[in-house]
Structure formats: structure tokens, C-alpha cells
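For the sequence shown, this note's numbering gives the first residue as 1, with consecutive numbering after it.
Derived from the structure by calculation, the hints contain no laboratory data.
Note that the structure is a prediction, hence the values are computed from the model and not measured.
The hints are all genuine.
List time: in silico DSS-like cross-link candidates among lysine-lysine, alpha-carbon distance up to 27 angstroms: (1) K114 <-> K55; (2) K175 <-> K187; (3) K109 <-> K56; (4) K117 <-> K58; (5) K44 <-> K109; (6) K111 <-> K199; (7) K56 <-> K44; (8) K44 <-> K114; (9) K28 <-> K44; (10) K109 <-> K187; (11) K44 <-> K58; (12) K84 <-> K172; (13) K199 <-> K187; (14) K187 <-> K28; (15) K55 <-> K44; (16) K28 <-> K84; (17) K58 <-> K114; (18) K167 <-> K199; (19) K109 <-> K55; (20) K117 <-> K55; (21) K199 <-> K109; (22) K187 <-> K167; (23) K111 <-> K44; (24) K58 <-> K109; (25) K117 <-> K199; (26) K35 <-> K111; (27) K187 <-> K172; (28) K35 <-> K172; (29) K44 <-> K117; (30) K35 <-> K109; (31) K199 <-> K114; (32) K35 <-> K187; (33) K187 <-> K84; (34) K35 <-> K84; (35) K35 <-> K167; (36) K44 <-> K187; (37) K58 <-> K111; (38) K167 <-> K84.
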Amino acid sequence: MFSHMKSMILFLAQVTMYHFDHPYSLEKRVGGWSKQGMVDEFVKYADFLFTTYGKKVKYWNPVNEGNMLCIFLITRLDTYSVTKTDNSSYYNCIHHTILAQARTYRLYKEKYYKEQKGLVGTSVLVWPGTPATESYEDLVAANTFNDVFGATPVHPLVYGDYPDTAKYLIEKRSKNEMGMTVSRLPKITDEEREILIGKDGEGA
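Model the full structure from these sequences, guided by the hints.
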């Protein structure tokens, strides 16, 4: 009986690889989630976890609530003068957590899935926007919030790009209200799009 229960526990185990914490040395050496180097370091970390625990774990969540991480972490790092942030730091953070998850998925699929047969997913914080009334204006406002906050970290993993609403509004505010020459939301390159949804567009 206990042997059977043990096998069930091993099969059902889910591991969150990253939950709002990383070594201070990574913040100083590669710049944390605001920089591309953090993606490379995360994939190395994921590779170690798959190699070490992959036979015991069937469900993997690379980054827990990346959108909340970027709101919380970026603010705290700047508040406590750990890393200086700017207007683009939040969206750079979102961009890099998305790429880290997609590359982790690709790594598992190409190197480990055949033997381990596990699943790599994602998680986001969702605060559903609901319209105050049935008016057109309130419906649009609720949908816009959901697109920008909830869909921005998920849409690229499914469709290979950010939601059109998010791209338009973030670029408009970046240029018109903040005086920037480019959008704070990074543009997804063709190479990144292939990582996100694959050559055939099957999604991460």
C-alpha cells in the first residue's frame, strides 16, 4: 500500500522552479530579470533540475506568476537600491520571464520528454476585470485591463506575440505621455517567436 502511495506521490509531484527569489549575485552579474542574461542563467538552472529530479517530477512550473513577480520585484529592487530600474524595467522583466519559460519548455521537449514524459506549463496572476455596468465603455475598459494585465504574459506563449491591445496602448503611452522614442514593451523577434510557438506554430 505504501509503495503504491509513494509511486502516486512521485507521479503527481509538481515543482515550481522559481518563486520570486534568485541569488543576489545574479542581480549584480547579469542584471536580473530586466536583462537577457537572466534567461540564459535560468535555462541552465532548469537543465540541472530536469537532470537531477526529472524522473521523480512530472509537472513543472518554471516561473510562478511572472507578471506579479515583475510588479513586486522591480519595485522592491529599486526601493532598496539593489538595482536601478527605469520605465522599461517592468516590461523587460515580463519579456524575459516569458522567454525563460518558453526556452525551458523547448529544452524539456527536446532533451528530456522522451524519457521522462512530464509536462512543463506556466502560471500567471489573474485579477479579472469585470464591467461595472453593461455599457459599451465599461465592457471595453474591462476587456482592455484583461488584455494588458492577464493576457500579456500568456499570449506570446500561445500565439507568439503580445496582444494587439497591449502593444498599441503601451506604445502610445510610452511615446505620447512619457516622451520615449520606442515602446516600453519589447518587440518579439522572429527568432524569439520560433522559440515561443515553434516552427509550425504549435505553441509553447
